[in-house]
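Peer 1: Residue strings, one per chain:
Number of protein chains: 4
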Amino acid sequence: MTEPIFDLAHLGHMEMLTPRPEESLDFFIRVLGMTPTATQGESVYLRGWDDYEHHTLKLTGSKTSGMAHMAFRARSPEALERRVAALRGSEFEVGWTDGDLGHGPAFQCRDPDGHLIELYYETEWYKAPPELKPALKNQAQRFPARGVNVRRLDHLNCLASEITPCRIFFEKYLGCRLTEEIVMDDGSEAGIWMTVCNKSYDFAYTRDHSGARGRFHHVTYALDSREEVLRAADIFLENGVFIETGPHKHAIQQTFFLYVYEPGGNRVEVANAGARLILAPDWKPIVWSEAERKKGQAWGLKTIESFHLRGTPPVDDAR
Amino acid sequence: MTEPIFDLAHLGHMEMLTPRPEESLDFFIRVLGMTPTATQGESVYLRGWDDYEHHTLKLTGSKTSGMAHMAFRARSPEALERRVAALRGSEFEVGWTDGDLGHGPAFQCRDPDGHLIELYYETEWYKAPPELKPALKNQAQRFPARGVNVRRLDHLNCLASEITPCRIFFEKYLGCRLTEEIVMDDGSEAGIWMTVCNKSYDFAYTRDHSGARGRFHHVTYALDSREEVLRAADIFLENGVFIETGPHKHAIQQTFFLYVYEPGGNRVEVANAGARLILAPDWKPIVWSEAERKKGQAWGLKTIESFHLRGTPPVDDAR
Amino acid sequence: MTEPIFDLAHLGHMEMLTPRPEESLDFFIRVLGMTPTATQGESVYLRGWDDYEHHTLKLTGSKTSGMAHMAFRARSPEALERRVAALRGSEFEVGWTDGDLGHGPAFQCRDPDGHLIELYYETEWYKAPPELKPALKNQAQRFPARGVNVRRLDHLNCLASEITPCRIFFEKYLGCRLTEEIVMDDGSEAGIWMTVCNKSYDFAYTRDHSGARGRFHHVTYALDSREEVLRAADIFLENGVFIETGPHKHAIQQTFFLYVYEPGGNRVEVANAGARLILAPDWKPIVWSEAERKKGQAWGLKTIESFHLRGTPPVDDAR
Amino acid sequence: MTEPIFDLAHLGHMEMLTPRPEESLDFFIRVLGMTPTATQGESVYLRGWDDYEHHTLKLTGSKTSGMAHMAFRARSPEALERRVAALRGSEFEVGWTDGDLGHGPAFQCRDPDGHLIELYYETEWYKAPPELKPALKNQAQRFPARGVNVRRLDHLNCLASEITPCRIFFEKYLGCRLTEEIVMDDGSEAGIWMTVCNKSYDFAYTRDHSGARGRFHHVTYALDSREEVLRAADIFLENGVFIETGPHKHAIQQTFFLYVYEPGGNRVEVANAGARLILAPDWKPIVWSEAERKKGQAWGLKTIESFHLRGTPPVDDAR
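The listed protein sequences derive, respectively, from chains A, B, C and D.
In terms of our numbering, the first sequence opens at residue 1 and continues consecutively.
In terms of our numbering, the second sequence opens at residue 320 and continues consecutively.
In terms of our numbering, the third sequence opens at residue 639 and continues consecutively.
In terms of our numbering, the fourth sequence opens at residue 958 and continues consecutively.
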């Protein structure tokens, strides 16, 4: 048996596209409570108060919505080299970039559905300016006490026309581990949840029935408690933010979730996982059947139709 | 630069000694809400409702209190072999054992202060009997709804007469990473917090001023929220369990803590970390000075004297 | 202007009928965490850990489900006499009874829909036996640390074929105050929430479209936090209790709710109101329109159909 | 037996004096999350997001700190007249005032220790301007999502050189009910907790050993959960607000408390009572002995010395 790959450390950031950059920015700063660290071109770089890097969200004004890229940080320069070596010459390789604000050189590749993925190691640690210095020095930034106060990037979810090739790609080339999945009665995979660390997932892929490719489902920021997710619902309601579904508990992964749409149309989740971690290095994936999925969420909430159908960009823009 | 070691997956379990085995067992089962999985000789094997292994606590009747051993699970058989190779021939080596109920062969070693440590890979996954089957299959066992309902083993804390040799041992031989520490004005290390995973610590070592060696400070089980830690305080109060300090928030590691003594005299903590994880593979240790430590806990609580002095076994028994 | 009536102190208890008395009793004791105080005939008397009286729920084995009676405690003997004087000779009068286990003489009446209501003043304060003595003497009983741990009776909800006569009855004869209500486009009242104390409601009446009379919708026990309501959902799930809807937040009254069916078929709610109290003695009722009601719950959850239709006893038994 | 008096509805507001009006105002608005409704002379009128009246805190710039007056709202005009009739001609009478911003005519009196108390009925309900309109119309104002977000005035605490005359005054003239108290070994009362509604206390009086009269101990605003009190502690820490003690749970009244000093020197508490209410109209006061008080708080925290000694204004200013 080959030893498992542990070369990626964690999901690093994503670049979100928005056709309404000003309103989206107001949402992320004032309502979600995020902090901007830089602006460049059409992009603003943002982070939660406990994200240790320069940014975890790059928000870019664009003609439409969706995800421009996602990025994983490698565990070491050598680990990055190993992943690059694996990808070199494959159909997924795109090649090196010089990096971006906040991180060094990144190796780009595309998953089988076309989403752009970057791998990097060199990163810029966030240094809080005086007015944002925290009282406790083991914290990246002071607690903002504004809006929803999202703590840190947790995971993201993409749509893909076929799930299996994506799973194999992430396992074989990036060393990601499958923790839970949905397998339909016909044997096809309808959803996968994968991790590179102790979070029970860094990302999920679910099936896109639209025929479009490379679409995005949602990005999730972690809050410290389920109580904070409930309070976030109050805050979204007060601010006229559309709540798609939740708060409720997923059966899959048991995440306590709340989904909204940011003004650019992208779905954003705030969530809490309690003390749940995947500590076992040889975790055996949990397989959910078509019938089990139909049961709905943990406490009986039926999954809302839009959750299965809606992605960004809208299908017409994706073509 | 050498690539960092990522060979250990997580803290696996500890063996606690108690001179009052029946009362201790009642405490762990009825008050903490743990589940016994086996009994052998003087030992009962226990686990929290989300611990995936056969046990995380081996409770053994004995003449005195303290910790008989702690154990880490390796990430793979190869990873275990690498750690064994590093320890072989060192002054810390003890040698292989056949294992125990719940896990396979374990390599034993002793840290510089004499605590016994086991490394193992093969483990027995907990299989819930019908009456303890959970409603959601991604959970090890049904939620007990009894007492404090501890979720999973989080970390432990040992005392040591000298901290620095212990830190070096854990870094060099086991590949543990230092996340926070206390350095006194004279340059000596007074406390270290180390991790092998994304938890901000799997174990801590703090200085033992008694002259005794190999002593134990506390073991910690995680709860899902700070609210559950507060409720635990109510439950301890109702059950006549001595509360030493808390609930409050540590400045170091920001853990929301509550410390009690189990009937055998060992200190037990229930805690919640919110959504805090150490995701950076190159985390830079946070160093707290003597003056900072004297400030007390995060919200101003003065650290109680017994917390600095009391360990198990009592000093007379430890000699 | 006449001075408002403040003669009733609070909702005291209800008698629930169940065709499955053993299973219902197991539900209330083991799952909800209630304490039985007495058994007499087909009835078991139960209470939450902070209910100060002998019981707040009288559970009675019967051919069908539903509510046999509800009871309010008066503020003083004189206040009780004033209410009796008001009811004497009215079409609602039933007359005095000698009382029951736990309380003294009660004056019975029937609301316009036929629900039986008792008014009493003399009551038996709960005295905890040694094993249930609380650690803090300002608490009725020790915290059980079992199941959902309901704290105290909060409110109940009845169905009525016509709401307006019920509202007038409660205002005029009992001095209850309307805090919120639903008024349909045709001007008819579809739901009323009334209080006799600082809780925002002691009871609600909503319209029964079945043609049956005297039916029951649900009884609610209060928990200390929204987090406990979420944990209750986990516990119901683990115990195979049917969750009808929730946890979510009502728009009306902003109650954080969770509805289940007890084994006898009656709907039971556990809820938390945060720090919300109606302190104004001249509170102006909040009126919700038909359109507002259709919007669903506070965070967008659509109200489940059964919530509007299902009451106990079943319609066939009610005739 | 005389029928108990139920003439006061609730604690209405207090006037706090501060020698640092600008910093105090910043504390109440930015850190506590309160909303200013008016400014007049040296005073700013403030409220929590769920306070239904024009204000619950009148903050007045002054040479020193302390409380200028507190006010109770009567249940009806008739109830107010009854209380005035009781006070007329007594040594406590001060007389009518025309009222203030936010409320109508008020009858003033002084308790035996000299604190100024106002009774009023006519009040101005808060009307939120468009930008502060809540999403749910049964809420006074939109949730601010800023700082600690205090919900509503809960209670206050004064110091008095002798407690017994104060208790008798509040019982006899105002109809307040004693819910808990401390009685020393010599039979003297050291602290009283009294209510006029279902809150377990609207105010407390504790003994002032300084020889000064008319001093103030603290005012308390309610939050919705214990979790929010914990988060408040984080926010106070980040903002350099001095935390005197807490978060912890009082044995007396079981309030989950957190005490800080606002910039003017007055003590302010944020607290949560869970679902605890005093529903019994004939509640029997809980009496705590000197020995019980010495045990400290519910979970064992020793009561901090300053909590017994410090009041506002400072003793030198009070003379």
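Note that these hints are calculated values from the structure, not bench results.
Any given hint could be a false lead.
Unchecked claim - Beta-carbon label-pair distances, calculated as ranges:
#: 1; chain 1: B; residue 1: Leu628; chain 2: C; residue 2: Lys765; range: 41 to 49 angstroms
#: 2; chain 1: C; residue 1: Asp823; chain 2: D; residue 2: Ser1047; range: 52 to 60 angstroms
#: 3; chain 1: B; residue 1: Asp635; chain 2: C; residue 2: Lys771; range: 45 to 53 angstroms
#: 4; chain 1: D; residue 1: Thr1121; chain 2: B; residue 2: Leu628; range: 38 to 46 angstroms
#: 5; chain 1: C; residue 1: Lys775; chain 2: D; residue 2: Phe1199; range: 53 to 61 angstroms
#: 6; chain 1: A; residue 1: Arg20; chain 2: B; residue 2: His627; range: 17 to 25 angstroms
#: 7; chain 1: D; residue 1: Glu980; chain 2: C; residue 2: Ser927; range: 32 to 40 angstroms
#: 8; chain 1: B; residue 1: Asp635; chain 2: D; residue 2: Val1244; range: 52 to 60 angstroms
#: 9; chain 1: A; residue 1: Phe242; chain 2: D; residue 2: Gly1061; range: 40 to 48 angstroms
#: 10; chain 1: A; residue 1: Arg293; chain 2: B; residue 2: Leu628; range: 30 to 38 angstroms
#: 11; chain 1: D; residue 1: Val1244; chain 2: C; residue 2: Asp823; range: 55 to 63 angstroms
#: 12; chain 1: C; residue 1: Lys765; chain 2: D; residue 2: Ser1047; range: 54 to 62 angstroms
#: 13; chain 1: C; residue 1: Asp736; chain 2: D; residue 2: Leu1058; range: 40 to 48 angstroms
Stated by the list, open to error - A few chain A residues that don't get close to chain D, going by computed Cβ distances all over 10 angstroms:
#: 14; residue: Val31
#: 15; residue: Glu81
#: 16; residue: Tyr126
#: 17; residue: Pro129
#: 18; residue: Ala135
Beta carbons are placed, not taken as given, at the ideal position from N, Cα and C, and that holds for glycine.
Peer 1: Between Val1244 (chain D) and Asp823 (chain C), does the C-beta distance stay in 55 to 63 angstroms?
Peer 2: Given a distance of about 57 angstroms, which is inside 55 to 63 angstroms, the answer is holds.
Peer 1: Between Asp823 (chain C) and Ser1047 (chain D), does the C-beta distance stay in 52 to 60 angstroms?
Peer 2: Holds - the Cβ-Cβ distance for Asp823 (chain C) and Ser1047 (chain D), about 56 angstroms, lies within 52 to 60 angstroms.
Peer 1: Would you say Val31 (chain A) is clear of chain D, with no C-beta pair closer than or equal to 10 angstroms?
Peer 2: violated (8 angstroms)
Peer 1: Would you say the C-beta atoms of Lys765 (chain C) and Ser1047 (chain D) sit inside 54 to 62 angstroms of each other?
Peer 2: With a Cβ separation near 40 angstroms, Lys765 (chain C) and Ser1047 (chain D) fall outside 54 to 62 angstroms, so the hint is violated.
Peer 1: Assuming the hint says 40 to 48 angstroms, is it satisfied by the Cβ distance from Phe242 (chain A) to Gly1061 (chain D) or not?
Peer 2: Holds - the Cβ-Cβ distance for Phe242 (chain A) and Gly1061 (chain D), about 43 angstroms, lies within 40 to 48 angstroms.
Peer 1: Starting from the hint 40 to 48 angstroms, judge whether the C-beta atoms of Asp736 (chain C) and Leu1058 (chain D) obey it.
Peer 2: Distance hint for Asp736 (chain C), Leu1058 (chain D) is violated at roughly 55 angstroms.
Peer 1: Hint says 17 to 25 angstroms; check whether the CB-CB distance for Arg20 (chain A) and His627 (chain B) agrees.
Peer 2: Taking Cβ atoms as reference, Arg20 (chain A) and His627 (chain B) lie about 56 angstroms apart, which means the hint is violated.
Peer 1: Asp635 (chain B) and Lys771 (chain C), beta-carbon distance inside 45 to 53 angstroms?
Peer 2: At roughly 37 angstroms between Cβ atoms, Lys771 (chain C) and Asp635 (chain B) fall outside 45 to 53 angstroms, so the hint is violated.
Peer 1: Please confirm whether Pro129 (chain A) is truly not at the interface, meaning its C-beta sits more than 10 angstroms away from all C-beta atoms of chain D.
Peer 2: Non-interface label stands for Pro129 (chain A): nearest chain D Cβ at 14 angstroms, farther than 10 angstroms.
Peer 1: Quick one: are Arg293 (chain A) and Leu628 (chain B) within 30 to 38 angstroms, going by C-beta?
Peer 2: Once the Cβ atoms are compared, 55 angstroms apart, the range 30 to 38 angstroms for Leu628 (chain B) and Arg293 (chain A) is violated.
Peer 1: Asp635 (chain B) and Val1244 (chain D), beta-carbon distance inside 52 to 60 angstroms?
Peer 2: violated (44 angstroms)
Peer 1: Is it correct that the beta-carbon of Glu81 (chain A) has no partner in chain D closer than or equal to 10 angstroms?
Peer 2: Glu81 (chain A) is indeed farther than 10 angstroms from all Cβ atoms of chain D, at 41 angstroms.
The structure fails to meet hints 3, 5, 6, 7, 8, 10, 12, 13, 14, 18 from the earlier list, while all remaining hints are met.
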